[in-house]
Structure formats: C-alpha cells, structure tokens
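Visitor: Starting from the given sequences, assemble the full structure and let the hints guide the process.
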Amino acid sequence: MKRSTTSPVWPPSSTTRTEDEDKCIVNKADRMGPGGSCRPTTRTLNAGNSGTNGGATGNSGGSNDLDFEIFAYRTTTWRTIFFYIFSFGTCGIFRLILHWFPKLFIEFRAKRCSVQNANLVLVIDSHERSEICRVFYRNRKSTEHTVVAHTDGSLIEFDELRWFFYRKLQYTWIDGEWTTASRAFSSVTPENMTKMTKGLTDDDVALRQTYFGQNVMTAELTPFFEIVLKEILTPFYIFQAFSVTVWYIDDYVWYSTLIILMTSYSIILTLRQTRQQESRIRSMVVEHDEVEVLRDDGRVRTIDSSEVVPGDILIIPPQGCMLYCDCVLLNGSVIVNESMLTGESIPITKTAISDDGHEKYFSIDKHSKNVLFNGTKVLQTKYYKGQHVKALVIRTAYSTTKGQLVRSIMYPKPADFKFLTQLMKFVGVLSIVALFGFLYTAIVLIINDKSVWKVLIRALDLVTITVPPALPAVMSIGIYYAQKRLKKQSIYCISPTTINTCGAIDVVCFDKTGTLTEDGLDFYAVRMVDEKKCDLLEPVTKITSDSMCRKMELHGDPLDVILFEQTGFTLEDMDDDESGSESDHSVQPILVRPSSNTPDQTDMSIMKQFIFNSALQRMSVIVSGNQTLKAYCKGSPEMIVSLCKPDTVPENFHDIVEEYTQHGYRLIAVAEKDIENGTGISKISRTSVECDLELLGFVALENRLKPVTKEVIDDLNKANIRSIMVTGDNLLTALSVARECSIIGEDRKAYLIEHHQNETDNRGRPILTLRHSEIGNSRNIKCSDLSKLASNDFQFAISGPTFSVVSHEYPELLDQLVCVCNVFARMAPDQKQLLVEHLQTVGSTVAMCGDGANDCAALKAAHAGISLSDAEASIAAPFTSKIADIRCVITMIREGRAALVTSFSAFLCMAGYSLTQFISILLLYYIATSYSQMQFLYIDMPIVTLLAWLSSRAKAHTSLAPKPPPTSILSVSSMVSLFGQLAIGGFSQILVFCLITLQDFFVPFKGTHQDAEDERKSMQGTAIFYVSMFHYIVLYFIFAKGPPYRASFLSNRPFAWAILVITIVCIWVVTWSFTPVHTFLGCVEIPFEFRLIILAIAAVTAIISLIFDRFLDKISAYISEIIRQRRKRN
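Numbering (the UniProt record's numbering), first residue to last: 1 to 1130.
In case anyone wonders, no lab produced these hints; they're calculated from the structure. Heads up, the beta-carbon is just placed ideally off N, CA and C, and yes, glycines get one too. Incorrect hints may appear among the rest.
Unchecked claim - 25 Å max Cα-Cα, derived DSS-like pairs, lysine-lysine: (1) Lys882 with Lys487; (2) Lys360 with Lys198; (3) Lys1041 with Lys1114; (4) Lys630 with Lys683; (5) Lys683 with Lys198; (6) Lys1041 with Lys484; (7) Lys882 with Lys710; (8) Lys955 with Lys882; (9) Lys195 with Lys360; (10) Lys882 with Lys484.
To be verified - Here are the in silico distance ranges between beta carbons for each label pair: (11) Glu160 with Thr76: 13 to 23 Å; (12) Ile1064 with Arg704: 57 to 67 Å; (13) Asn758 with Tyr480: 58 to 68 Å; (14) Glu287 with Arg771: 49 to 59 Å; (15) Ile1115 with Phe101: 38 to 48 Å; (16) Lys645 with Arg771: 19 to 29 Å.
Guide: Below, the structure written as structure tokens:
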C-alpha cells in the first residue's frame, strides 16, 4: 500500500491505491513506447508536462526543445568485466570511442530492463544528444521518507521511489511516467488555492524538503582540469595529439610546437570563456536572503529563502522585496519589475488569484497576472487593512521560471546550421583520401625496401597532411575577430558560433513598440462619442490611475502614466493606521485628488481594479465619488465596443477608428457603467462589471518611429532581406507604421487577411477573406490560394486571432501564409514563437529583434535573437545591443556575412593547401623521398599559418549586398573552384617533376635505408618545393574574397603586405644564387636557367588560376541570375 501524507489544509479527494494497481500502471507504461510502439522502457517526456514553463508570463510557447526519450538499463557483472578488459587492452582507445558515443557505451556496459530494475537511464533529447544518468532508489525502510508531490499540492508516500537528475531537474517515476516537481499544483482549482492561507506545520516542511530539496539553484564552477579534459578529448583534439606525436617522432619539432601552442591558446580561451559564462550564471542564481513565512500556528517566522518549500505562505513586505521562488498572490496587489526575466523595465501590476469561473484548474500560462516569478522585484504592495499580503509558493529552485531560463543558458540547443554539418562531411571525404594515400605510401615505400617503421611513419605523416589538424583553429579566427568588432559597436555575443549563422539571414522579424518605434507614447487627442458629455479626460484619469504613487514616484505602464500626467491629478494612499480584518475583503483604497485648477472636481477613491489582460485586451476599475459607484473600462476599440450597449456606439465609430489607426495612432477606447450602491465590491466578478457598458469615446496616442528605423529597413530591402513586423498592437496601426518605415512598400497594395466566425465553409471552418486596407475600398475575396495572390503588387497583413484560426483550421495554408504576410498584429508571445518556427520550416534563416517584452520565446527560437537592452548580456538572446535601435541588425548581418565568408575562405585555403601538399608528397614518395623538415616548416609557418591568420582579419563590407553569401561549402561552385585550383596546381607540380628529369644536369635521387634528413634532398623535391610555394600564396590571394561581403584586399593592409613580402622572398629563394639559406631549407642546387623556367611556370600557373577564378565567378553569377528569374516567374 502507499499512503497519503498531506497538509491538513488540502485533503486530497483520492490519494490511495493498492500496490497491484501501481504495478499494473507501471507495467503498462513500460510496454508502450513513444507513438504506441512496443519498445520496453522507452518513454517520451516533455519537461514541461506538469505545467507550462517559459518566460515571465509562464508560457513555453510550445517548444519541443524539452522533449526527450528515456531508456532504462541495468549494469551486469560480465559486461563490466569485458568493458575494463577492452579499455585497458587498447590503452584507453576503446574507452575513448565509447566516450564519444554514449549510446554504444551504455549498450556495452548494461542491458535494457524495466524501470523497476534500472540503475541507469539513457536520455536522448530532441536534438539527438545523449546523456547517461544514474537512477537512485529509496524505499520505506530507509531513514528518509518516500514522499512525492501530488498535482493538488499535497504529499503522497510510496512504498518505493526511483529518480534521476537530468540538467538540474529531478525526474521521479510516478504512476507510470517520469515527472518533475513542477507537477505540484497543476490540478488545483483557483477556488481551492484561495483557501490555502494557513501555512504549513513544521512536519509538513520537513517532509516537503525531502522531495523538493532546498530552494537554491546551484551553479558549480567546473574545475579547470575537467574543462581541459573535456576539451582535449574531442575528436579534433585527439587527432591533433596524434598528428603532433607523429611529427615529433619524425623530428618535425618546430611546427609541432606551434600546433601545441595554438591548441594551448585555444584551450585557454575556451577555459576563460567557460569560466566567465559559469561565473555569470553563478552570479545570477546564487542568491538568497531572509524572508517571512506564515506557519499554521498563525505566527510569522523569518527564515532563509533556501528553506522555502512549495506550499509555504510567503509574506510580501509593503516596501517590496526580491523574490526567490514562484508564488501565487493570494490577496492584495503588487507592482513588480520583471526586467530580469524579460528585459522589459516597465513595471507590471499583479493581483490576487480569484475564482472567476473562466478556468477550471490553475495554470501559470492563463493566470500569469496572479503569479510572482522568481528573480523579479516587488516594487510596492497594495494591501488589506492591517493585514499581510500573502503568496502561495508553488515552485522553487530550477523548477521556477527563472530556473528554466537559467537551464536554457546552461544547456543551449545546438547550432542548426548546415555549414558545420557539411564541414564534417568534407573532413570525412579527406579522411577517405588519406586512407588511399596511406595505402599508396605503404605499397610504394615497401617496393623501395624501406623499413616497416619508416613505412608506418611516412604513411601516417601523409594522413596528417591530408586532414590538416589546424583546420578548426584557423576557421574560428574569423569568428573571433567578428566578435571583437561587434563588441566595439556595443553588440555583445554570448554564442560566438551564431555569428556565422547571421551571414545567412534572409528574414528579420521586428517587434514594434520599443524596437521600430520609441518606447514612450505621446498624447495626441481625445475623441468623444457624445460631445455634450464632460471632457473624456476625466474618466481616463479614473481608469488609468492603477499606477501607485508613494513619495511622488509613479510606477506603471507608460500609457497609463502619460494619460494620468495629462490630468494634473495626484494619487495618495489613505491613512495606513486604519484597522480592518482580512475577512472584510475591503482593499485599502487609493485617493485621486484633482488639481487646484479644477475646483469643481471632487476626490475619488479607487475601490477595485481588474488589471489589464492581454487575452481580454482590456482593464477596468471601480471608483467611488459623490456617494456613487462607477466602473470604467479601457482597452482595444474592437474589444470595448463588443462589451458596450449597441445604442451607445455611433454608426461611424469604426470609420473614425480606421481613420486614426491608418495614420499610425494607437487608440484606447473608454466606456463606463453605473454600479449599484451596496454591492459587495470585494465579491463582484469581472464579467458582471465588464458588460452592458456605455461607450464614451477614445484616446489617440502617437508612437513615433525611431530615427534610424526607416533607413535600416530600406537597407534590408535593398539587400533582399525580408522584414516582418510582429506586434501586439492594433492591425491597422501596425500596418500604418509598417508602411511608414517601408516594411510595406509605398507603391504596393496592402490587403488584410481576416476571418468571419459566423460564416463557415462546408467543413465548418471560419471563412478567410481579403480586405483592402484603404478606407472606402473594401471588398471580400475568398482566400483559396494565398500563393497565387502573392505578387509584386500585393502585400498582406494578419491579426493574431486570424493567425490562430489559420493555425488550427487551415494548417495547409500556414506555410504559404508566413511567406506572404509582412505584418502580424495582435500576436501573443506563443504566436510569435510559432511564426518564427514556421519561417524556419519553410527554409528561411530567421533573426528576431525585440526589446524583451513578450519576445523571449521568439528570441530563443530564432536562428539569431537580438535583444535591445542596457545589459551587456541577455538570458533570452545570443546577441544584446546596448544601443536601443535596430541599426545593430545591419551590423550583425554584415559581420555575420564577413565571418561566414572568412570561414569559407579558411576552409578552401586549408583544404587546397592540404591537397596540394598531398600531391607533392605523393610524387616524392614515388621516388622514396620527401620534403626536408625545413621545407615543410617554410610552407607551414611563414606561408600558410601567417596568411591564414592575417586573411581572417578582413573587416566587413560597409554595405549589404543584394545577394547573400553561399552557405554550402559542398556546393557545385565551391567544389569546382577548389578542385579546379587543385588541378591547376597539381598539373604544375607534375610538369616540373617530369620536366626536370629530361634535363642534362639532372641527377636521379638515390636514397638509403637510413632515410636521414640529408638524404631526403633531391632535384625533383627542390623543383616541386619551388613551384608549389607560389601556389599556396595564389590560393590565399584567390580565396580571400573581398567585396561584396568583406572589405577590399588592400584595406586589410597586414595581409596585403604579407602577400607582397612572402612573394618577394619566394622569388629570391628561387632566383638567387645558392646560399646557406638554400642549404638550410634542404634544397639541391639547380641551374639558374631552369630556375627561371620554374618561376615562369609558377607565374603562368598563377595567371591561369586567377583567370579560372574570375571565369567561374561570372559563370556562377549567370547561373544564379537564371535561377532567380525562373523562381520569380514561378
């Protein structure tokens, strides 16, 4: 049996099952895998399955990043023995391979089993990343309790428990599934939650701490040794270690040492960045302070915040405080600053939870206005007379919203960019080439009677030549310099690998308010419905007075602050010494005093507020004055009108609204209603207040564009980068701003995609229609095929409700919709994320730029999220601009394009260098010799390494080209360019190799079995060395592209000077009389006349390479234009 151990406040209705029932549920769960498959012990889990997790609004946005599968395993004695035998027998190589492939590791160490017998689990997330976790076990006989949280907040004790830790969360096997502590309070009703006010007993607290643990988010600093070990155990570093070992054995000391120094520097940078990131996260999470909680004996106790558990009643002090847990406000109201979570500095009002009848169960998503989130700051409280403001703790530590965001930083999703994937594929191709080279070398050298040891060293040396160990370091140099340049322009990047992705961006989504337009609003005008009534500004004063004022400081939404300041009124709290009991439910009112310029006005008291709800698109307030009660409501015009009596709405109201919104003004409609005296204010419901209203009119406010907005959008349009506006504002207002800033072209017609709920098709779906945005020219068109309507002369806009209809009722149109609409208005946070994800689905590389308010989910979902914030780093986006306008988008794309082209250049140069040297060594191995150590060193260091470093310093071009850079290194043009240059360079080497053997002065190479350094010298080797070193210079000159993505060749002066100086030195080496330098390089003296022939061959090779490159560029441009024209016609 398992028994229920609950708090006396919340007795569960049914919390007892038999042991057999539990076993049946577990076995059934074991038999069914994901999708109903019969794979035993396979579980598909969403980490947020016990409640929505995400930003400060509690919305996960429906992201699948937290989905993963769990497989149960149990280690066996024989598998463990064989594991250690193979590991020690292969000197750790077998263990290293298993380290790279966790799936193979656990399959070798353990066997699949049921959850009841498991001591290990294999967790595979939605990005195919694997992690092995230990399963812990406890039963009733142990010293600690076996309790878990029920969905109603109570505790249940089981006979036994199994759990594991994965990415800072504890997953416990309950009722046939793995669940987290987030399940607590997921099925409690708001009504029951309002009754949870008595607090916990000491025994309850002790029991809860055994399951929930301490309320701390531990962020340990990884030991330096562990960071270094993880870094050097990656395949590339292991290959580097292998290459360096081979080179040291072959006495190639200098370049080996250089590679070690470069690798050490790279590891030091990684170590520094990792420690800085961990320290930054640690500073965010390692926070605690003393807090006050209410116990069931009625006493308020002061405890450390780390001791708080879900179910505790937290006391919110009147002066405000920092919050260290997620909690639900049970009484009163507070103003909080959620900038820590969202980047939005505008204070938000939170009210006590109540049973309004709209929702059956509590949900963080739907009750976010009642939830105080961990990491936010309470600025002020509005409390009951003489009573404490109380909040029910529902989540602690990493289960909180802040914990989810911190975990998203600690465990980011992998970069979704095909460049890296294709790079690994090409390295695989080089590995195959190296294998053939290995076999060729072995056969040739064995034929030439070389010793087995020398054959092995030479063959392995060829492998290190074919797959250059310095490739990762060289390709990261461009990203490093791009990050430095971004930082100089006040753009901070916490994910450097994202910079390359920015080079492929073809769609940018912008939030409107605070991003495209100024943060604040300017008061413009008041428009009355009935001009015989008093000035509309008076009721506006009443309804916007939700801003609280103490010591003359106003906190609240800028819209409310602006409207209140227009009145000249003041806000005052009534005397604090008035007594009252909490049972009165009489909220201490706020007094609104008229200015001295309006002596005819009387004082008013704000008795109750229904704060703004984005889903309801309105807010209301009840005020008392002149012995009467009135309710005032403000919100979006369309919502307020739907709540008003029809006879109070003039016939031309919608025409007037369109007239203002089309000129970019933001409209707030205002309505009123009389409340009967004697009505219980505390018990009156929102629905009973917000109905049968009388429309008073509306207030028009102006939201100006930021000075740089239009210029930036114009630049994006010229670069053929699509700009999309995603806003929560009115559709027509958004459309006006979009036309003003050129998101909608001035010469293009704009149509609104709308739906009619009362008109359905034969499948019962609301009909979609198109309506012209201009006044007086409205006509409905059936929206049967959006792709045919999207032409050069048309652009489209849609609102959030219609977008929701399309998402649920017309999913087949969604991909077309996101391709043709440029304005998305009235969009909720989860809809913004859904839009970004669908843009990615249709093949777009998406950037999202927002000010942090309601944009967190979209910022994280985009390929490149840009947060406009004052902070150096943002937890919601990889990029943060300290300059709060959208010019950072242009800078980011320019630098991204430059970094991407630099990475392409580095790849092509390194691949060309390795394959060119591969051909050189194959030719020399044919006669059983090779380059001298100094010849290798001269090519590898002064030429290749120096030019690779200096070419990566090229700055970004000052403007955006209409055509984006290539994103595929395996494209036809890239491969033709690489292998074309390889063929030209290879032909020149073969030519001099054969040509020198026909000369009268030629002395054939006669090697010995010793293979000493002096015995490697040969005329063929010297000739190939002379001609090939020029080809390396040509490769860097050709592949180091300048405009239109990077600055010109001459602007990178260090690189230009290096090309010139190295070329002169190489000419000197070839043409100058034989000197000790030539002896040092291991060259054989060749007559001057033939050296001139070699120089001429090198010059002709360079000219042919340049001509081929220019011809290929023109052919590629021609083919691209043909493809573009065909796509345009289609």
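Visitor: Decide, hint by hint, whether the structure agrees.
Guide: Evaluation of the provided hints:
The suggested pairing of Lys882 with Lys487 holds, with an alpha-carbon distance near 10 Å, which does not exceed 25 Å. Simply put, Lys360 and Lys198 have alpha-carbon atoms about 23 Å apart, close enough for the 25 Å limit, and the pair holds. Of the pairs offered as hints, the one joining Lys1041 and Lys1114 holds, with about 14 Å between alpha carbons and a cut-off of 25 Å not exceeded. Simply put, Lys630 and Lys683 have alpha-carbon atoms about 16 Å apart, close enough for the 25 Å limit, and the pair holds.
Simply put, Lys683 and Lys198 have alpha-carbon atoms about 21 Å apart, close enough for the 25 Å limit, and the pair holds. Our distance criterion of 25 Å between C-alpha atoms is met by Lys1041 and Lys484, whose separation comes to about 21 Å. Restraint check: the Cα-Cα separation between Lys882 and Lys710 comes to about 20 Å, which is no more than 25 Å; the hinted pair holds. For the given pair, Lys955 sits about 21 Å from Lys882 by alpha-carbon distance, which is consistent with the 25 Å threshold.
Of the pairs offered as hints, the one joining Lys195 and Lys360 holds, with about 16 Å between alpha carbons and a cut-off of 25 Å not exceeded. Proximity of Lys882 to Lys484 is assessed by CA-CA distance (about 15 Å); at most 25 Å being required, the pair is judged to hold. Under the hint 13 to 23 Å, the C-beta atoms of Glu160 and Thr76, about 22 Å apart, fit the expected range. Checked against the hint of 57 to 67 Å, the pair Ile1064 and Arg704 passes, with Cβ atoms roughly 59 Å apart.
For Asn758 paired with Tyr480, a C-beta distance near 60 Å keeps the hint of 58 to 68 Å intact. A hinted range of 49 to 59 Å holds for the C-beta pair Glu287 and Arg771, which are about 52 Å apart. Separation of Ile1115 from Phe101 is about 43 Å and conforms to the stated range, judged on CB atoms against 38 to 48 Å. Range check, Lys645 to Arg771: Cβ separation about 27 Å, and the 19 to 29 Å hint holds.
When held up to the earlier numbered hints, the structure conflicts with none and fits them all.
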